[in-house]
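Asker: Each chain, written out:
There are 2 protein chains.
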Amino acid sequence: MAQIPAFSDEQIDYFMQEALNEAKIAQSEGEVPIGAVIVYENQMIACAHNHREADQLATAHAELLAIESANTKLKSWRLENTALFVTLEPCIMCAGAIINARIPVVYYGANDPKGGATRSLYSLLEDNRLNHMVKVYEGIRGEESGLLLQRFFSNIRAKRKIRKAIAK
Amino acid sequence: MAQIPAFSDEQIDYFMQEALNEAKIAQSEGEVPIGAVIVYENQMIACAHNHREADQLATAHAELLAIESANTKLKSWRLENTALFVTLEPCIMCAGAIINARIPVVYYGANDPKGGATRSLYSLLEDNRLNHMVKVYEGIRGEESGLLLQRFFSNIRAKRKIRKAIAK
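Protein chains in written order, with numbering that gives the first Met the number 0: chain A, 0 to 167; chain B, 0 to 167.
Be aware that a few hints might be false.
Note that the list lumps identical chains together, so a pair holds whenever it fits in one copy or between two copies.
Simulated pairs of lysine-lysine, DSSO-like, Cα-Cα distance not exceeding 30 Å [said to hold, decoys possible]:
(1) LYS167 to LYS134
(2) LYS74 to LYS163
(3) LYS74 to LYS158
(4) LYS160 to LYS72
(5) LYS23 to LYS74
(6) LYS74 to LYS113
(7) LYS134 to LYS160
Source of the hints: derived by calculation from the structure; they are not laboratory data.
Just chain A, same shape as in the assembly:
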């Protein structure tokens, strides 16, 4: 039976800071700034950031990479008794991976109104028809996580404008 790890507010803040650090690494690599970490027995056993452009893999989202890394670390596809921290609300794929890995609890930062599948468009992690349900905490360092993304996309739009102006 999976146990939901209990964390203090300080621990939650600490692990989300680690996820934010990962998001900033993604940004420095020109990737959409999203980071994730997985915690087991109060230790961070996996951390990852979005790597889609570098790897040219549709699946290279922070959560999915962190899950695979944790599976390898624990030598098990089951991640019971772990917790996932991620800066953005998981998409459909990542929500499904969280369920498939039996992760019991997810803490996330900003909501994603266009593609978020745990609260915004769907509540996939809390569907009692499925063989696994996940406890979800939203809005953890949400403003900071959201600002990182907003600035990233503003920069991209500004660069596009400059390129268009030069091309004219």
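Given the coordinates of chain A, assemble chain B onto it according to the supplied hints.
Answerer: Showing chain B alone in chain A's frame:
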């Protein structure tokens, strides 16, 4: 703009047979028998089968592995103008991966009433709120695909019964 590849009935049957062959390889390896192939310009560019137990990865579903293989083959996370054939209705994670990879069309075999996310529990591939929609054809060699799974799980239950009887 993604184009939906057009196939004859013979081609659909041929590619689903290839997916079924992959499912049988999974079975021979003691994995849940599910297989998938991805087709691009009438050629099979990726094929994969469920590999969860061998890899101990929660993400090692046939569709996800086929998508990553096709991404690598085409050197792009975008799989526009491809088609995915899979023996079982995709789960939430795989439906999300199909959307993330921009695959325009999916042909699948058996329905999965407990976890299927493209028709049974959800219609995730046909949600017009998302930035990509997928054409879905269900029930292609569905009976054969379903029988493979039924026999696999019957065998597991029978083996469990024998083990219990011996242990008594």
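Asker: Against the structure, test the hints numbered earlier, and report the numbers of the ones violated in rising order.
Answerer: Numbers 1, 4, 7, in rising order.
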